[in-house]
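Assemble the whole structure, with the sequences as input and the hints as a guide.
Residue numbers (full-length UniProt numbering), protein chains in the order written: chain A, 1 to 170; chain B, 1 to 171.
For the record, the hints were derived by calculation from the structure and aren't laboratory data.
Errors might be hidden in some of the hints.
Each computed DSBU-like pair below joins lysine-lysine, with the alpha-carbon atoms no more than 30 Å apart [to be verified]:
hint: 1; chain 1: B; residue 1: LYS134; chain 2: B; residue 2: LYS39
hint: 2; chain 1: A; residue 1: LYS39; chain 2: B; residue 2: LYS112
hint: 3; chain 1: A; residue 1: LYS141; chain 2: B; residue 2: LYS166
hint: 4; chain 1: A; residue 1: LYS8; chain 2: A; residue 2: LYS87
hint: 5; chain 1: B; residue 1: LYS134; chain 2: A; residue 2: LYS119
hint: 6; chain 1: A; residue 1: LYS119; chain 2: B; residue 2: LYS111
hint: 7; chain 1: A; residue 1: LYS26; chain 2: A; residue 2: LYS119
hint: 8; chain 1: A; residue 1: LYS87; chain 2: B; residue 2: LYS134
hint: 9; chain 1: B; residue 1: LYS61; chain 2: B; residue 2: LYS134
hint: 10; chain 1: B; residue 1: LYS112; chain 2: B; residue 2: LYS166
hint: 11; chain 1: A; residue 1: LYS39; chain 2: A; residue 2: LYS22
hint: 12; chain 1: B; residue 1: LYS166; chain 2: A; residue 2: LYS111
hint: 13; chain 1: A; residue 1: LYS12; chain 2: A; residue 2: LYS141
hint: 14; chain 1: A; residue 1: LYS98; chain 2: B; residue 2: LYS166
hint: 15; chain 1: B; residue 1: LYS26; chain 2: A; residue 2: LYS39
hint: 16; chain 1: B; residue 1: LYS166; chain 2: A; residue 2: LYS119
hint: 17; chain 1: A; residue 1: LYS8; chain 2: B; residue 2: LYS87
hint: 18; chain 1: B; residue 1: LYS39; chain 2: B; residue 2: LYS61
hint: 19; chain 1: B; residue 1: LYS87; chain 2: A; residue 2: LYS98
hint: 20; chain 1: B; residue 1: LYS26; chain 2: A; residue 2: LYS87
hint: 21; chain 1: B; residue 1: LYS98; chain 2: A; residue 2: LYS119
So you can see what is in the structure, the chains are spelled out below.
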Amino acid sequence: MANFILRKAEPKDVSDILRLIKELAKFEEMEEQVVLTEKELLEDGFGDHPFYHCVVAEVPKDKQSVEGYTVVGFAMYYFTYDPWIGKLLYLEDFYVMKEFRGYGIGSEILKRLSETAVKARCSGMHFIVAEWNTSSIEFYKRRGAADLSHEEGWRLYEIDKRNLLKMTSK
Amino acid sequence: MANFILRKAEPKDVSDILRLIKELAKFEEMEDQVILTEKDLLEDGFGDHPFYHCIVAEVPKQQQSADGHVIIGFAMYYFTYDPWIGKLLYLEDFYVMKEFRGFGIGSEILKKLSQTAVRTRCSSMHFIVAEWNKSSIEFYKRRGASDLSLEEGWRLFKIDKQNLLKMTDEE
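Structure representation (structure tokens):
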């Protein structure tokens, strides 16, 4: 039923990308934490050195969302490096608008990302999932995902800007 | 006592970088898992598009290690992107050879990484630590690190090559 295409994001998409980032953040009850702007997304994603890559899902105009959008899903990713095996594809954000779920858009996006990872000679794809998000965990486990935090006991840490500045001034 | 300098890694350093990666992996009892080669490190770090960056710690020849090395510590990092705040510096590997610890080399490396992060307008530095690695956890906590896994319940997942290929084949 859902007619859609997947394509690489272009500069004109930054407004939709930011909208979808905020929608996903809202789902995680963190919408006010999104301080990123369209200007930053533009500079950081479409400058000389892209800091991220995006795939967007687009539907034809006649299938637009209730509020009139045709870009209805996205995945943001970048490449990381594992010192034991080399390049990895890191899936940072992945979201399909609620009214467009169940049509295989998510699966197609993941498939496209898998092709990108293999083509770029990555050894695997990494991503984090909130431990309470059981439906996402199931979605990924059905595709062979393994919980490294559980198996290997890794914990993600952060040193924020304030503490970085503290260190630079010591 | 330890006279050392920190500098950006150069192509000639890949052999030492691989040696230190293996030493750190050995500490984690995972040495046989290191399949990366010097050739990979060279292509991936010093080509048109670097997939990682390295800082190395070097001592003068008279201060070389027991086995004759002058590159005695390193940090491997790259830039990641948080969709809420933008650029982050991700610290991937960080190691100083045992005989050179206690001289502030680790602290200097972290300081240099902090400067790099601030200069490139990163919002923070992220890294993972094994939950059993108490001394590292304390080292980072002393510098203001917080455990996001604990606070926010994030879990790191992976889909390996075999399963990626499976997905690319599916209709």
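A quick look at each hint next to the structure:
About 34 Å separates the Cα atoms of LYS134/B and LYS39/B, which puts this hinted pair outside 30 Å; it is violated. As the CA atoms of LYS39/A and LYS112/B are separated by approximately 28 Å, the hinted pair is consistent with the 30 Å bound. Of the pairs offered as hints, the one joining LYS141/A and LYS166/B holds, with about 13 Å between alpha carbons and a cut-off of 30 Å not exceeded. Among the hinted pairs, LYS8/A with LYS87/A is consistent with the structure: their alpha-carbon atoms are about 20 Å apart, no more than 30 Å.
Distance hint between LYS134/B and LYS119/A is unfulfilled; the C-alpha atoms sit about 39 Å from each other, more than 30 Å. A hinted pair counts as satisfied when its Cα atoms are at most 30 Å apart, and LYS119/A with LYS111/B does not qualify at roughly 36 Å. Between LYS26/A and LYS119/A the CA atoms are separated by roughly 33 Å; this puts the pair beyond 30 Å, and the hint is violated. Proposed proximity of LYS87/A and LYS134/B is supported: the alpha carbons are some 28 Å apart, at most 30 Å.
In summary, the hint linking LYS61/B to LYS134/B is not supported, as the alpha carbons are separated by about 33 Å, beyond the 30 Å threshold. Between LYS112/B and LYS166/B the alpha-carbon distance is near 42 Å, which puts this suggested pair outside the 30 Å criterion. Simply put, LYS39/A and LYS22/A have alpha-carbon atoms about 15 Å apart, close enough for the 30 Å limit, and the pair holds. The straight-line distance between the Cα atoms of LYS166/B and LYS111/A is roughly 9 Å, inside the 30 Å bound, and the hint therefore holds.
Note on LYS12/A and LYS141/A: the hinted pairing is violated, with a Cα-Cα distance of about 34 Å set against a maximum of 30 Å. The hinted pair formed by LYS98/A and LYS166/B meets the criterion: a straight-line CA distance of about 27 Å does not exceed 30 Å. Distance check on the hinted pair: LYS26/B and LYS39/A sit about 44 Å apart at the alpha-carbon level, beyond 30 Å; violated. Using a Cα cut-off of 30 Å, the hinted pair LYS166/B and LYS119/A holds, with the two alpha carbons roughly 14 Å apart.
For the suggested pair LYS8/A and LYS87/B, the alpha carbons sit about 20 Å apart, so the restraint of at most 30 Å is met. With a C-alpha separation of about 26 Å, the suggested pair LYS39/B and LYS61/B falls inside the 30 Å cut-off, and the hint holds. At roughly 28 Å between alpha-carbon atoms, LYS87/B and LYS98/A fall within 30 Å of each other, so this suggested pair holds. Taken as a hint, the LYS26/B and LYS87/A pair is honoured in the structure, with Cα atoms around 21 Å apart against an allowance of 30 Å.
Restraint check for LYS98/B and LYS119/A: the C-alpha separation of about 39 Å exceeds 30 Å, so the hint is violated.
Taken one by one, the earlier hints fail for this structure at numbers 1, 5, 6, 7, 9, 10, 13, 15 and 21, listed in ascending order.
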